[in-house]
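Asker: Fit chains B and C to the known structure of chain A by using the hints.
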Amino acid sequence: MNYDFDYADVLQQLPYLLGGALVSLQIAFVAFFAGALLGLGGALGRVHGPRPLQRAIGAYVTFFTNTPALVQVFFLYYALPDAGVLLSPLTCVLIGFVLNSAAYLTEILRAGVVSVRRAELEAAATLNMSRLQIVRHVILPHVTRMIYAPLSNFFIILVLGSSMAALFGVEELTGRAINVSTTNLRTIETFSVVAVIYILITFVASLSLALLGRWAFRVHARIF
Amino acid sequence: MGTLWERLVLEAPEFFNSYNLLFLAEAAARTLGMTAIGCSIGFVAGLALAVLRGSRAATLAPARWLAVLYVETFRRIPFLVILFVVLYAIQPLFPDASLTAIATVAICLLSTAYLSEIVRAGLESVPRQQLEAAEVLNFGPARALFQVVLPQSWRVILPPAVAFAVMFIKDTALASHMGVVELTFAGKIFVERGFSPVLGFGAILVLYFALSWPLSRLGAYLEKRLAPARHP
Amino acid sequence: MPQLDIRDLHAHYGREPVLQGVSLSAERGEVVGLIGPSGSGKSTLLRALVGLTQPSAGEVLVDDRRIDYRDRASQRWLRERLAIVFQQYNLFQNMTVLRNVTIAPLEIQKRSKAEVEALATTLLDKVGMGHKRDAYPDELSGGQQQRVAIARALALRPEILLLDEVTSALDPERVNEVLDTIRALTREGITMLIVSHEMAFVREVSTRVVMMDHGRVVETGPPAQIFDTPREDRTRQFVSRILRH
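Protein chains in written order, with my numbering: chain A, 1 to 224; chain B, 225 to 456; chain C, 457 to 701.
For the record, the hints were derived by calculation from the structure and aren't laboratory data. Idealized CB from N, CA, C, for every residue including glycine. One thing to keep in mind: the hints can contain errors.
Which stretches of chain C does chain B cover? Using the computed rule of at least three CB atoms under 8 Å from a CB of chain B, they are [claimed, not checked]: (1) 550 to 564; (2) 683 to 697.
Which chain B residues stay away from chain C? Per the calculated CB distances, all over 10 Å, these [as the list claims (entries may be wrong)]: (3) F239; (4) N244; (5) A272; (6) L284; (7) A285; (8) A345; (9) V360; (10) L361; (11) R367; (12) V372; (13) S420; (14) L446; (15) E447; (16) L450.
With a straight-line Cα cutoff of 25 Å, these simulated SDA-like cross-link-like pairs (lysine to any residue) come out [to be verified]: (17) C/K582 - C/V661; (18) B/K412 - A/G84; (19) B/K448 - A/Y60.
Just chain A, with the same shape it has in the complex:
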């Protein structure tokens, strides 16, 4: 088997691919922050809400974490037009990703919400602290130690998961890789270059998150 690897065509398309990487990161950011907002509400409701709400959130989380994000998006993508709602593929994908990540983030943040209560008890024992000081010196450190590492990991998972958007025609990194490879017919070369780009951006993301955690929250997360 003789196959001559030829990276020239792919490298020419590097700026186009890197632009796609930016789109991937944007998708991950939207899914992360919108999901975290919903997830925070979910976590608070799951811990402090009335019984029926707790049950409903529990069912939501169980359903979304036990079915594939891809099929969830397929469902939206094909069923919404049926119900008379017409959205662009990107919007559809984003809605699906946010609903999905909200479920996982509810679980992650719930651990934080639960730990607040324990931290408050500890704070009650230490006297002479104002409400603000308690939040600043007791609760915040407690909660960040609890959730920082899982949140960082989940962000990386979202960056990798955003590649799924390609299957709906969104031109993020993997989508652009498909575009490039169908014109240059150098699939292996194209996708190996794209793999390296994913490795680099997730590595930079892990590194920055670890450094941010160390600097801002004194969380010593593993980089590797």
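Answerer: Structure of chains B and C alone, referenced to chain A:
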């Protein structure tokens, strides 16, 4: 919404005919089969990598570096991209390879990377003195691994390994893009044949849930059950 | 000819020298007590003898045979004659008491099941653990685990037994049950090297006491000499400080 409901009621008898149900069952079996084979092979290979990374011999240092490189690389590439690379690498070499087999190879590559990290954490949870005790009793390295270290690592390995399998049941959905006839692909076929997407993908979601949920519960149970005790 | 002959043994932890030329020998049936301050190299000496810490120089002879610690066959031969009991017992947590005692004789020494099980029963009864043969280590107290560890070492039928601070990790009220077990063993003629901080016990059971400091042997002599009329200042200092407690 009234019309959607009417459409579902109208389609349901035709959708749930015996031929379609058999087709769905086969697709579910393929999803489960790819996950099971991928995770089993991934576990064995991951165990080998974990043992290699825990070794101390100076001559194995380059191999240890390769193992680290492999694990760190494959955990940072989207499964979809791995699928593409594996598909286009294998097809010219083995034109007769089935799509399911190719997808399973991709799953093994990825699961090896993730499971080796899980296994490594398990092996490292066993105190070094257990190994020293085995060494002075003349246990060889393999015997020490399989009779002393591994049996004590299960409680640390099993819960995250089961969680990983749950994740992989869902990730195999991406293989549908290559044309592997697993659950997600089955859903697409139904929708293409004119069934309502709510019915087609709804049924698929329910089936994924039926595969994944019991396993999630098992993982949660194991985590609670195995936490304190070290003996079986 | 001594049964165990250690000649000018050196060992390092990283670049830190922990044994700086230890020479020591034991005749068959002798009970040698090793004393000295923490970090003097007593435990390292025992670890080096069984090959857990690679000696960097010097030699060890057992029954007049030189041990090559880089050769697996030589190590195997050594470990069939030399058993060690650790401070932290190190019983296999995934095995019952009986399995801990029988696994090496059965599966590594390939001795017969009937013989090994009979011996294990005898040994467990001797250390007072016969009633716990089906228990797991984490169901036992520290003293009980240590007695099982002694039975495990003896099941190998070693010619030399090394005891590395076997009572240091125990609750005070558990120390005596283990010391009683060892005391009984000293009457059976097995060669022993005992590292211990229990000075009264060392004095009672040892035929000879070795004082170590900074990875070297300071003084060797019968217990009465070391504890009552030491010749070296360092020994006098150490012994008087310990005995004052």
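Asker: Determine for every hint whether it applies to the structure shown.
Answerer: To see whether the hints hold, each was checked on the structure:
| no. | hint | result |
| --- | --- | --- |
| 1 | 550 to 564 | holds (count 6) |
| 2 | 683 to 697 | violated (count 0) |
| 3 | F239 | holds (51 Å) |
| 4 | N244 | holds (49 Å) |
| 5 | A272 | holds (21 Å) |
| 6 | L284 | holds (17 Å) |
| 7 | A285 | holds (18 Å) |
| 8 | A345 | holds (18 Å) |
| 9 | V360 | violated (5 Å) |
| 10 | L361 | violated (4 Å) |
| 11 | R367 | violated (8 Å) |
| 12 | V372 | violated (5 Å) |
| 13 | S420 | holds (54 Å) |
| 14 | L446 | holds (17 Å) |
| 15 | E447 | holds (19 Å) |
| 16 | L450 | holds (13 Å) |
| 17 | C/K582 - C/V661 | holds (18 Å) |
| 18 | B/K412 - A/G84 | holds (20 Å) |
| 19 | B/K448 - A/Y60 | holds (23 Å) |
Of the numbered hints listed earlier, those contradicted by the structure are 2, 9, 10, 11 and 12.
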